[in-house]
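Got chain A; can you put chain B on it based on the hints?
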Amino acid sequence: MTAAPYNYNYIFKYIIIGDMGVGKSCLLHQFTEKKFMANCPHTIGVEFGTRIIEVDDKKIKLQIWDTAGQERFRAVTRSYYRGAAGALMVYDITRRSTYNHLSSWLTDTRNLTNPSTVIFLIGNKSDLESTREVTYEEAKEFADENGLMFLEASAMTGQNVEEAFLETARKIYQNIQEGRLDLNASESGVQHRPSQPSRPSLSNEAANAKDQCSC
Amino acid sequence: MDAHTPGYYYPPKLRIGQQDLKCRQGCGFYGNTQFDGLCSKCFRERNDKQRKKLKACEDEAAQSSGASAAIGTVERKSPQHLLSLGRSKSKKETEEARNAHTMPKKKFTVPAVLQKTLKSKLPAVAQQQPARVPSATENQFVLQLRQLRIPDEAKRKLKSEIQHLDYEICKYINSHSNLNIDELSELVQNAYTRFADIVHNDARFEIATNEDRDSAIDFFEKVVMTQNHNLLFSPYFTTDEECDVQVQKRIRQLSWITAKHLDCSIDEVNAEARDLVYNAISELVGIDSYYSPQEKLLCTVRCCRHIFELLKRATGGPASADDFLPALIFVVLKANPVRLHSNINFVNRFTNASRVMSGEGGYYFTNLCSAITFIETLNAESLSLGAEEFATLMSGEQAYSTPWESALLACESLHLISENMKCMEQLQKRNSTISTGIQDFERELIEFQREVTEKVDAAIAKAPLNLLPIKTPVHLISQARAHLTLEVATGHYQTNLLQSSLSTAGKAKALSTPDDSLLHPSHTLALKDTSINSMGRLSPLQQTAQQDQLFASPIFNYTPFDAVSLLEDSSENGDMPLLSTEFQGGLTNINYDFDLSDQSGENSAADESKLNLDEFDPLAQPNLVEANNLELGTTRGSLIDSEVPVSNVLLPSPLKPEVTNYRGFSNFNIPSISCNTGDSSSLSQDTNEAKAGVDSLK
Chain A
1 MTAAPYNYNY
11 IFKYIIIGDM
21 GVGKSCLLHQ
31 FTEKKFMANC
41 PHTIGVEFGT
51 RIIEVDDKKI
61 KLQIWDTAGQ
71 ERFRAVTRSY
81 YRGAAGALMV
91 YDITRRSTYN
101 HLSSWLTDTR
111 NLTNPSTVIF
121 LIGNKSDLES
131 TREVTYEEAK
141 EFADENGLMF
151 LEASAMTGQN
161 VEEAFLETAR
171 KIYQNIQEGR
181 LDLNASESGV
191 QHRPSQPSRP
201 SLSNEAANAK
211 DQCSC
Chain B
1 MDAHTPGYYY
11 PPKLRIGQQD
21 LKCRQGCGFY
31 GNTQFDGLCS
41 KCFRERNDKQ
51 RKKLKACEDE
61 AAQSSGASAA
71 IGTVERKSPQ
81 HLLSLGRSKS
91 KKETEEARNA
101 HTMPKKKFTV
111 PAVLQKTLKS
121 KLPAVAQQQP
131 ARVPSATENQ
141 FVLQLRQLRI
151 PDEAKRKLKS
161 EIQHLDYEIC
171 KYINSHSNLN
181 IDELSELVQN
191 AYTRFADIVH
201 NDARFEIATN
211 EDRDSAIDFF
221 EKVVMTQNHN
231 LLFSPYFTTD
241 EECDVQVQKR
251 IRQLSWITAK
261 HLDCSIDEVN
271 AEARDLVYNA
281 ISELVGIDSY
291 YSPQEKLLCT
301 VRCCRHIFEL
311 LKRATGGPAS
321 ADDFLPALIF
331 VVLKANPVRL
341 HSNINFVNRF
351 TNASRVMSGE
361 GGYYFTNLCS
371 AITFIETLNA
381 ESLSLGAEEF
391 ATLMSGEQAY
401 STPWESALLA
411 CESLHLISEN
421 MKCMEQLQKR
431 NSTISTGIQD
441 FERELIEFQR
451 EVTEKVDAAI
461 AKAPLNLLPI
471 KTPVHLISQA
481 RAHLTLEVAT
491 GHYQTNLLQS
501 SLSTAGKAKA
511 LSTPDDSLLH
521 PSHTLALKDT
531 SINSMGRLSP
541 LQQTAQQDQL
551 FASPIFNYTP
561 FDAVSLLEDS
571 SENGDMPLLS
581 TEFQGGLTNI
591 NYDFDLSDQS
601 GENSAADESK
611 LNLDEFDPLA
621 QPNLVEANNL
631 ELGTTRGSLI
641 DSEVPVSNVL
651 LPSPLKPEVT
661 NYRGFSNFNI
671 PSISCNTGDS
681 SSLSQDTNEA
691 KAGVDSLK
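Chains A and B, in that order, give the protein sequences. With UniProt numbering, you'll find the first sequence wraps up at 215, consecutive numbering, no jumps. With UniProt numbering, you'll find the second sequence wraps up at 698, consecutive numbering, no jumps.
Any given hint might turn out to be false.
[Said to hold, decoys possible] Residues of chain B placed beyond 12 Å of chain A at every Cβ, according to the derived structure:
| id | residue |
| --- | --- |
| 1 | Lys41 |
| 2 | Arg46 |
| 3 | Asp182 |
| 4 | Leu187 |
| 5 | Glu425 |
[Unchecked claim] Straight-line distance between alpha carbons at most 30 Å, and here's what the computed DSS-like set of lysine-lysine pairs gives:
| id | chain 1 | residue 1 | chain 2 | residue 2 |
| --- | --- | --- | --- | --- |
| 6 | B | Lys312 | A | Lys61 |
| 7 | A | Lys171 | A | Lys58 |
| 8 | B | Lys312 | A | Lys34 |
[Stated by the list, open to error] Ranges between beta-carbon positions, derived for each pair:
| id | chain 1 | residue 1 | chain 2 | residue 2 | range |
| --- | --- | --- | --- | --- | --- |
| 9 | A | Ser130 | B | Gln426 | 34 to 40 Å |
| 10 | A | Thr131 | B | Arg443 | 40 to 46 Å |
| 11 | B | Ser289 | A | Glu178 | 43 to 49 Å |
No wet-lab data here; the hints were simulated from the structure. Virtual Cβ for every residue (Gly too), placed ideally from N, Cα, C.
Bound-form chain A, shown alone (with noise of 0.2 Å):
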């Protein structure tokens, strides 16, 4: 039997929140599609949200979930969070309200994931200047006061865009090198795939694997 290596060695599973009109789905469309929304045939209809980067070597798949923004939905998208390893919270420089939901959009997170999540603050239309509501140096020491990971980014230049989600991996990464988390909970929104399907010594860790192609 020919073995057939997976083209990746972990999955990770991110959540993008924010509130509406903050530009997560074209953050998330710049990131796996790499440009801004303009006429793209499909979004997260065909391959929802994927795309394998590398880290270290290692290839990992992305997930991304886009998630629903509005007040009136915050209640129900709860079951968004279970499994996330990453959580990317967006808000937009040009709307300070949006800012201001941020600590409610974290208490959420904070709660719903596990721990070992990591959660990236994102600064979106860095490419508004002018009409800028939200000082980086504002963002910065919210993000510092909560020990998140912070950056301004546009999704409409995709400056900074493909940075945060790299950086969300590596921390990841870097979290599960140190054994941080634990990747045979189905809560750790990892998923780790032996790339060699023969060395039994991988395949203690990919007892949790599923099978994300019957999708």
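Chain B in isolation, oriented as in the chain A frame:
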């Protein structure tokens, strides 16, 4: 109840494949549910066999029906046996009652069913019971098992694991007095984990690829879930069924909700959008028709893809989750799928946990769960409605007709009305855009006009147009006269005239001798003129102003013959040797003589020559041109460009030919000739100057 009694216990399927209709025996004839999915022939054969066995089985049947207490001791094939017993128990007597419908005698039925349940679902066991008829689902599983690319030992292991889990589930349901669905769920989840462990670590699976291992795990889950669907789906010891009814009621109450309430971009009256919504709805409803969680998830995925497609078309770009969730809620509300809660719970409890937490299926399933939670908990606030309005709508006091409802009710006319209303709205919108566009355009036009006028005024103010009266300096007149007298000597013009008069050989010419014509040019011309009167439009009666003569010159009105050749002519040859002299002469006369024809008889040549000189003194031209520099810019430009020597300005005036001296004038350049031959370049110069003269006259 499950795979081995398909005739009675299959939940209704949305799609029935051709093979499902065929006899399960595989004889090619169509089967009948009345005959247990067999064709009449196979059914009869089987019945005969069973009847023969009946006696032998009776003991066993009696034993097994009373054996529920002594289960633990049975070996190899007992799990199945037990299982079936447990199931028949859990379903109480309904099963037998149903059997009674299809089977003629109850007494006969019970053993038959039991006998069947004795046969294993899996081929390994089934082979031991040749009389058994495998169900279509079972056959499918057997086929799939064969297709799995794992070693045979691994397949055997897989089989035994499946049987083991079957047994476990059965045991749990039968042995516990107070059943807890969460415990059962845990049991199944643990079994999944264990099996995954086996698949990844067991030596028998060692050579399998990861994909094959995954498909083995999938297969495991699928088989167990399908087989135990009846036990695990909406079990009697849970409140799933009540929840189903509640949700269904709730959704029915919320039937007045439109896409607008949910802020989603579904165009309810657009036919294309409606089709997609229908597709999504049928997928959503179809979830209930599948057994395994995987298939249910797949169904959810298909449903959600339709919604994404819909949103993509509605918004003209990729949809976001902000749009997606409301749309999904809308679809769920309009679909009102049966056994919604049971299905959700079934998947949540009994599918591999990671399946609902990651992957596309998990994502959409999570969305679906959120949508249902939203529907269950929604209130006036979440729909941005007033509390009172919400209450009246919920209680049904306030009728709320929506385009979607009307479409669903198949009330064509109502639907048509809403569609037309929408159409009218669009038309109105378009109409208003057009009228505003018209207004804008009008405004622009006025503005443009104003601007143009302004500019023109400004330009005029800057450079006013002053037509100065012609002034001929006195000293120039004398000069011109001197020049003209000088030219008489050359006599060129005269000879032309002579020649022409000779060669034309008109009746008039015959009379006049060369001398005559030489001496009385005016007379000759007059004669000639009469002969050429046939040209019509150059009426000899045209004796009014000189400008008339200038402009009405026949050649001015005719298109040039050949501009290029004529240009060459005029530039190269002053004397026009290319043209026959006869022609030259003749045409020269045509041009300039008409008025003379009338006047020449009466007026003396001297008078006229004087008059001509005053008015058309070519030497006045340069001044004139300068004076009119601004106004005649272009004209002047052309004059200069043509590089016509200044002497060209000295055109033979229409009246000139009378002056005998004039012959020699065109020594250098013969404008009269070129005029006659239609030379446009020289002509235009002539005209320009003539015009200038006229202008100045005015």
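Verification of the hints:
1. Lys41: Correct as stated: the minimum Cβ-Cβ distance to chain A is 40 Å, above 12 Å.
2. Arg46: holds, 37 Å
3. Asp182: The claim holds: B:Asp182 sits with its nearest Cβ about 16 Å from chain A, beyond 12 Å.
4. Leu187: holds, 16 Å
5. Glu425: holds, 26 Å
6. B:Lys312 x A:Lys61: holds, 25 Å
7. A:Lys171 x A:Lys58: Within the cut-off at roughly 14 Å; holds.
8. B:Lys312 x A:Lys34: The hint holds at about 19 Å.
9. A:Ser130 x B:Gln426: 34 to 40 Å: holds, 36 Å
10. A:Thr131 x B:Arg443: 40 to 46 Å: violated, 32 Å
11. B:Ser289 x A:Glu178: 43 to 49 Å: holds, 48 Å
Comparing the model with each numbered hint stated earlier shows that hint 10 is the single one that does not hold.
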